[in-house]
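Same order as they appear, the protein sequences are chains A and B.
Quick note: the first sequence uses my numbering, first residue 37, plus one each step.
Quick note: the second sequence uses my numbering, first residue 37, plus one each step.
Treat each hint with caution, since some may be false.
Same chains, same label: a pair holds when it works inside one copy or across any pair of copies.
Stated by the list, open to error - Calculated pairs, PhoX-like style, for lysine-lysine (alpha carbon to alpha carbon, straight line, at most 25 Å):
no.	residue 1	residue 2
1	Lys445	Lys274
2	Lys456	Lys275
3	Lys327	Lys367
4	Lys274	Lys456
5	Lys367	Lys139
6	Lys139	Lys399
7	Lys139	Lys122
8	Lys275	Lys444
9	Lys120	Lys321
10	Lys445	Lys122
11	Lys70	Lys274
No lab work stands behind these hints: they were computed from the structure.
Letter by letter, the chains look like this.
2 protein chains.
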Amino acid sequence: MTTQTNNNVFYAQSGGVTAVINASACGVIETARKQQVLGKVLAGRNGIIGALREELIDTSLESDADIAALRHTPAGAFGSCRYKLKGLDQNRAEYERLIEVFKAHNIGYFFYNGGGDSQDTANKVAQFSQQMQFPITCIGIPKTVDNDLPITDTCPGFGSVAKYVAVSIREAGLDVASMSESSTKVFVMEVMGRHAGWIAGAAGLAAEQEGDAPHIIVFPEIAFDKAAFLAKVSDCVKKYGYCAIVVSEGAHYADGTFLADAGSRDAFGHVQLGGVAPTLAGMVKQELGYKYHWAVSDYLQRAARHIASRTDVEQAYAMGKAAVEFALAGKNAVMPTVVRESTNPYRWSVGEALLSDVANKEKLMPRDFITADGFGITAAAREYFAPLILGEDYPPYANGLPQYARLKKILVPQKLAPWKV
Amino acid sequence: MTTQTNNNVFYAQSGGVTAVINASACGVIETARKQQVLGKVLAGRNGIIGALREELIDTSLESDADIAALRHTPAGAFGSCRYKLKGLDQNRAEYERLIEVFKAHNIGYFFYNGGGDSQDTANKVAQFSQQMQFPITCIGIPKTVDNDLPITDTCPGFGSVAKYVAVSIREAGLDVASMSESSTKVFVMEVMGRHAGWIAGAAGLAAEQEGDAPHIIVFPEIAFDKAAFLAKVSDCVKKYGYCAIVVSEGAHYADGTFLADAGSRDAFGHVQLGGVAPTLAGMVKQELGYKYHWAVSDYLQRAARHIASRTDVEQAYAMGKAAVEFALAGKNAVMPTVVRESTNPYRWSVGEALLSDVANKEKLMPRDFITADGFGITAAAREYFAPLILGEDYPPYANGLPQYARLKKILVPQKLAPWKV
Numbered sequence: 037m038t039t040q041t042n043n044n045v046f047y048a049q050s051g052g053v054t055a056v057i058n059a060s061a062c063g064v065i066e067t068a069r070k071q072q073v074l075g076k077v078l079a080g081r082n083g084i085i086g087a088l089r090e091e092l093i094d095t096s097l098e099s100d101a102d103i104a105a106l107r108h109t110p111a112g113a114f115g116s117c118r119y120k121l122k123g124l125d126q127n128r129a130e131y132e133r134l135i136e137v138f139k140a141h142n143i144g145y146f147f148y149n150g151g152g153d154s155q156d157t158a159n160k161v162a163q164f165s166q167q168m169q170f171p172i173t174c175i176g177i178p179k180t181v182d183n184d185l186p187i188t189d190t191c192p193g194f195g196s197v198a199k200y201v202a203v204s205i206r207e208a209g210l211d212v213a214s215m216s217e218s219s220t221k222v223f224v225m226e227v228m229g230r231h232a233g234w235i236a237g238a239a240g241l242a243a244e245q246e247g248d249a250p251h252i253i254v255f256p257e258i259a260f261d262k263a264a265f266l267a268k269v270s271d272c273v274k275k276y277g278y279c280a281i282v283v284s285e286g287a288h289y290a291d292g293t294f295l296a297d298a299g300s301r302d303a304f305g306h307v308q309l310g311g312v313a314p315t316l317a318g319m320v321k322q323e324l325g326y327k328y329h330w331a332v333s334d335y336l337q338r339a340a341r342h343i344a345s346r347t348d349v350e351q352a353y354a355m356g357k358a359a360v361e362f363a364l365a366g367k368n369a370v371m372p373t374v375v376r377e378s379t380n381p382y383r384w385s386v387g388e389a390l391l392s393d394v395a396n397k398e399k400l401m402p403r404d405f406i407t408a409d410g411f412g413i414t415a416a417a418r419e420y421f422a423p424l425i426l427g428e429d430y431p432p433y434a435n436g437l438p439q440y441a442r443l444k445k446i447l448v449p450q451k452l453a454p455w456k457v
Numbered sequence: 037m038t039t040q041t042n043n044n045v046f047y048a049q050s051g052g053v054t055a056v057i058n059a060s061a062c063g064v065i066e067t068a069r070k071q072q073v074l075g076k077v078l079a080g081r082n083g084i085i086g087a088l089r090e091e092l093i094d095t096s097l098e099s100d101a102d103i104a105a106l107r108h109t110p111a112g113a114f115g116s117c118r119y120k121l122k123g124l125d126q127n128r129a130e131y132e133r134l135i136e137v138f139k140a141h142n143i144g145y146f147f148y149n150g151g152g153d154s155q156d157t158a159n160k161v162a163q164f165s166q167q168m169q170f171p172i173t174c175i176g177i178p179k180t181v182d183n184d185l186p187i188t189d190t191c192p193g194f195g196s197v198a199k200y201v202a203v204s205i206r207e208a209g210l211d212v213a214s215m216s217e218s219s220t221k222v223f224v225m226e227v228m229g230r231h232a233g234w235i236a237g238a239a240g241l242a243a244e245q246e247g248d249a250p251h252i253i254v255f256p257e258i259a260f261d262k263a264a265f266l267a268k269v270s271d272c273v274k275k276y277g278y279c280a281i282v283v284s285e286g287a288h289y290a291d292g293t294f295l296a297d298a299g300s301r302d303a304f305g306h307v308q309l310g311g312v313a314p315t316l317a318g319m320v321k322q323e324l325g326y327k328y329h330w331a332v333s334d335y336l337q338r339a340a341r342h343i344a345s346r347t348d349v350e351q352a353y354a355m356g357k358a359a360v361e362f363a364l365a366g367k368n369a370v371m372p373t374v375v376r377e378s379t380n381p382y383r384w385s386v387g388e389a390l391l392s393d394v395a396n397k398e399k400l401m402p403r404d405f406i407t408a409d410g411f412g413i414t415a416a417a418r419e420y421f422a423p424l425i426l427g428e429d430y431p432p433y434a435n436g437l438p439q440y441a442r443l444k445k446i447l448v449p450q451k452l453a454p455w456k457v
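Could you put the whole structure together from the sequences, leaning on the hints where they help?
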């Protein structure tokens, strides 16, 4: 087997990080270390920004043990970013810079570990590199807690958040039930997911018997109906003595106004959401008079590697491994996917999607996953969600705390003029 | 051995519940089942309210397996309450009712599992029952996530919250570090603890090396200095690229105003706190312009049995067991305590305190546990906290979710006229 000249791999993490994105990185690097065709895996320091700035972390300088530890380390070990490359016609210079950096470091492969926006970028780089006569093999690696990528059955990162929110509302539900006779009657837990109710829906797995928490789920797919919501809260309190509510950060009124719009926008132009839990809790207090508590887990939910889903970890690793295998097989502009082979027993395999089919598409919860009244999940939803949270995969502990990888993150020497992002 | 007439035990859970208060219940009931002197353990439905209403759960009807499962079940399995008996002179009728119920059900022992308020109540019941010529043996069982009881080295419930907050800020800190180059630079996590900074302080265990999260802890023991706080946030972002902050719900200005005062009061007259995290985050955004995220774990932190401290679980169980042993030894108006025998290696034993010495006293963090600048913990604090989060004690899982006890909670037949609480 001969090695080609530009056989180094550029790997970058993109967008919001997850409990298992490093497991994908681990899958990439461990698989790459076992073969002779691909060269070094160079990781972007803070994602694609690292490529533009020529800040490339030499993963070959990390020990096997540290790379193995990535499998149980949450968040983005090499740094991620919210930085979207503009369209080719708007900012051709950025694409040229990318190719220049890739050329300078003999990079012929670009693995982009992110959501829909990132798969779009990877697809553009694949096209542009052809035009530039420096063809780059671009493989997407799916990642998003929002679970909103099309084609793939699920997105690595989602199963672990799903497990976290289901465990959390089960535990908090027991707490509220204990307190409800004389104190807190309503508890509201806000979860992530943006425009997709997948995370909120998965919390519904916690309710296995009549009366179990959560009693109400507020989805972004269903326009918020205040009167119906308050009536349901009141019914729950009368029936069970308390009411545990899960609300998606993306919950909104029929006119599109978010229940909580923090006002700011991120680099992708998305509204920064947060604070719908206190908004709903205040509404309950004002209209029904119930004592309330509320929680906003925010980053805690997506970083919670301590309660990760083993299924999710395995799939995240498999996606990273498949990216290398796809590259070795000569594939380009594709992304590995999770294919559900069967639900009972749960079996899955690795599939393949074109980046062009994945890019910038948002997969919302199907309406038949949500109960007729809009506040719960159906049997079909349970069947979909249940396997994704299966299994535990505890990180190692020392001194009572999980031990997460601390990489050296040594940059390869720079060869080009500085570039300002 | 002869059994006395009034040999039944009344056990009640009081105040805010914890991840391990049921482990104390388990310790009581399992220990009581192994001896012949004490009769049935009757648990108050929703705490002391259950005694007043004569709603007594017959724990003898629960299986050994279900009682064993209490050890790994969070929150109050029999229900708790925020209901404080007034002083004897203010509401003698309530104390008389208690004695009447105890008499009707041959209850000679009262085990009250709660914080300082509850130990005060237990002490009053002990005194009053003597006056009433129906002496009740009253044993307190310590419980509070706030860790603010005097005499005992720690309070069951605290070690598990401590572990939860330290794990959470470690994980969220990695997340923020990943995102900080282009997005979130400041993360604020609000924790419980009321007037005592124990929980906030314990989060500091997550920082093991220079630059680790949390970078700033805002304690209720230190008057909040906005200028000093903002300067420290700015320094952290310059030095580490981001800043992870833990803030106690009880944080306040020099004049005593809470940073976040939700306005309402609970049954004990305490201010209901919540929302200091968004307050601080907004302050940072307004004054320094940094993009932020914030989290409020609220009940999640104290119900998080999935990440409980094994040390805490063992101590909670031991306190319940000791209550039975104290009763068998003829002790009265006392509470078992955790005595620290040594820190390295950690060794502890069960001690004993008079209820009168425990009642209504609040133990704050010593000043020498907090760094000179008021924003961190000292080596002395680390030495104190470190053993309390040692060990994991995972609950059993099925279908990806922790399996918590579901008790039958059958009430003993009522013998008295109804009583309105």
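Going through the hints against the structure:
1. Lys445 x Lys274: between (57 Å within a copy, 19 Å between copies)
2. Lys456 x Lys275: This pair counts as between: shortest inter-copy Cα distance 20 Å, intra-copy 61 Å.
3. Lys327 x Lys367: neither (58 Å within a copy, 39 Å between copies)
4. Lys274 x Lys456: between (60 Å within a copy, 19 Å between copies)
5. Lys367 x Lys139: within (20 Å within a copy, 81 Å between copies)
6. Lys139 x Lys399: Classified as neither: same-chain Cα gap 36 Å, cross-chain 64 Å, threshold 25 Å.
7. Lys139 x Lys122: within (21 Å within a copy, 79 Å between copies)
8. Lys275 x Lys444: between (56 Å within a copy, 18 Å between copies)
9. Lys120 x Lys321: between (41 Å within a copy, 23 Å between copies)
10. Lys445 x Lys122: neither (28 Å within a copy, 62 Å between copies)
11. Lys70 x Lys274: neither (61 Å within a copy, 40 Å between copies)
Hints 3, 6, 10 and 11, counting from the list given before, are not met by this structure.
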